[in-house]
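A.B. asks: Spelled out, the chains give:
Protein chains: 2
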Amino acid sequence: MPIPQLSVSRRTRSTPFTSRIAAGGVKAYTVYNHMLLPTVFRSVQEDYWHLCQHVQVWDVSAERQVQLKGRDAARLVQLMTPRDISSAQDDQCFYMPLCDENGSMINDPIGIKVADDTWWLSIADSDVKLWAKGLATGLRLDVEVTEPDVWPVAVQGPKAEALMQRVFGDIVNDIRFFRYKRLAFMGHEMLVARSGWSKQGGFEIYVNDAAIGQALWDELFVQGADLNVGHGCPNGIERIESGLLSLGNDMDDSMTPLQCGLDKYCHLDRGLESLSVAALAKQKAEGVPSRLMGIVVPGMTQPPQTAHVLVDGLLAGEVTSHCVSARYDGWLAFALMDSSAIRTAQGAVSVHTEQGDFDGLCVELPFDFNAIGDSLRLR
Amino acid sequence: MPIPQLSVSRRTRSTPFTSRIAAGGVKAYTVYNHMLLPTVFRSVQEDYWHLCQHVQVWDVSAERQVQLKGRDAARLVQLMTPRDISSAQDDQCFYMPLCDENGSMINDPIGIKVADDTWWLSIADSDVKLWAKGLATGLRLDVEVTEPDVWPVAVQGPKAEALMQRVFGDIVNDIRFFRYKRLAFMGHEMLVARSGWSKQGGFEIYVNDAAIGQALWDELFVQGADLNVGHGCPNGIERIESGLLSLGNDMDDSMTPLQCGLDKYCHLDRGLESLSVAALAKQKAEGVPSRLMGIVVPGMTQPPQTAHVLVDGLLAGEVTSHCVSARYDGWLAFALMDSSAIRTAQGAVSVHTEQGDFDGLCVELPFDFNAIGDSLRLR
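So the protein sequences, as listed, match chains A and B.
Note that the working numbering numbers the first sequence so that position 139 is 139, with each residue one more than the last.
Note that the working numbering numbers the second sequence so that position 29 is 29, with each residue one more than the last.
A couple of the hints might just be wrong.
Repeated chains share a single entry, so a pair holds when one copy, or any two copies, can fit it.
[Said to hold, decoys possible] Calculated lysine-lysine pairs in the DSS-like style (CA-CA distance at most 30 angstroms, straight line): (1) LYS69 - LYS113; (2) LYS27 - LYS113; (3) LYS264 - LYS69.
Don't read these hints as lab results, they were simulated from the structure.
Could you build all of it, start to finish, from the sequences and the hints given here?
C.D. replies: This is the structure in structure tokens:
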């Protein structure tokens, strides 16, 4: 369909950075956690190359924080996730599936241990606050569930570290991957983590004061002028090339983390007090009915309107996200593939599109472009 | 800001009617319950007059159903709402605030008693499924919480009854306001209620089969050709003139239903087993700190970029929704007004805009245009 307009209202919440984003030439948004999330500035392709070569500042305020505070905060986090959080360090960020008692995916936040009695869940697009509040109310847990005024800003790209050093000092070098430090800007401390929704490197700043956040935003652009700093946002091509899954696009509550390739975040044999471990252990023993895989069609450089993955002439799964690669000469997709079809395919599938049928590869995620290399050339 | 584009993805779910909506010339969407909801076809003004004079077919699939099924279904509904549902008839639709133990607004669905052990909550824009599931899990209730494949279609406008008669027969005349019947189309029964998010009259059809729904959609347009049937959607002007509140715009979880003028849906002295009645009874006794009111500026016919409501020169509240009326010669707004300012104002406020300052009225909602009539002329 032609690209429609978005009607912006109070319900599609703006952020402290919306006026700067507009001045920066945002072309399109999505709505994520009831909030505006930019999706395109120049074009998705131009944004991609800029991200991979320079440094971008992203308004990812839509990554809302759900704060769990109280004596039972860690217990509630553990109830919600099959990942063992007992070893969480004081400065650690944990990627974690949240699942219900059927093992269904509710969300896949980054959990941040802010204090012994306080966790933040930096969430994907579903109302985790309501899930956590419902559980806390029903179980009479000693925990307060809120959405604090925190608007994350991401600084992403190969020059991110250089830019962050200029603004926060050399201490940013000491922040390890998926760890955070409390750094001051204008005398005001904020959590700064080495993380972000790209594989180009960078940081996320958990801005908790709107006015200081705006000053920080402007300072990043002043300090980064000679680094070719630019506006940006999570990029639809980069995230697929990098194998980053998106809740609602690639994962939903009809699926378990075992179907999403998140096995390593499911600790099923540690006796955790977690709602989902029994159901997940059962599914692990029985085998998953379907699983997210990567699909590659070398040489297909026009994005198809529709794409069906076939094995032996039969529909073998459902494409959940796809793009024409910017870096490689081909088309990349994530697809929820029937387990039996994965076995039958032995790596070879057919992709049916309105442009015709194409031979494709079916591979594990994330894509291993070195292994695929022979058939998928750099552009 | 200039009107941005909406990036449509699998996460911003399409509906069985999206292709028909696109063919019908949709200009803009919002995202509501993670789903596309049309907002404009011709222009908001043209859509308004067409709605008020003819009949429109709306894709309101984004009014998702949360189904509660099991022995404890009604108990869970009652826990979630301060409205007494004990007298619910088998064919009844109940508008109901959903509130947590603080009395905070979680959602304001229409609750539909589908069977003794089955309720549907036809929700506004928040993940009630997670709230209900969390409570059910924590309290170990015997209830299954799901989002069934139901995509409501609304038929709204003064000719709605005539059109519905042609498609479903004279039996539609017998459906009372906020009641439903099970009516067949192509031999397939669906719930049909006399309801809808306008005050122009009409019905909502709870389509539960995508293919039959598409055939029904097309039949409504065939049968309605001489009635000037058209595409439409909840209309930003009509809903404000009619005093219809919108969750996320006018109400959120920083407010209680008593602040939203929903007192008559709060049964606080019946000993209900409801999470929120204690907090609401306390607030009722103490008085609300602020309350949604209507603001009217006769003669202001250009929509302001910013509008602040002042009483005695001081900021007296926050505008939550506003429009230039299509029918009356003036500007209409909802505003969350400080209770003390309401008392001081005695009906007279000042509205500060970038166009200048205007004298305005502060009135109870819904607007009583007969009472306001002297100062607000029909166009």
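A.B. asks: Please go over all the hints and tell whether each is borne out by the structure.
C.D. replies: Verification of the supplied hints:
| no. | hint | verdict |
| --- | --- | --- |
| 1 | LYS69 - LYS113 | within (11 angstroms within a copy, 37 angstroms between copies) |
| 2 | LYS27 - LYS113 | neither (35 angstroms within a copy, 44 angstroms between copies) |
| 3 | LYS264 - LYS69 | within (27 angstroms within a copy, 34 angstroms between copies) |
When the structure is compared with the earlier hints, a violation turns up for hint 2 alone.
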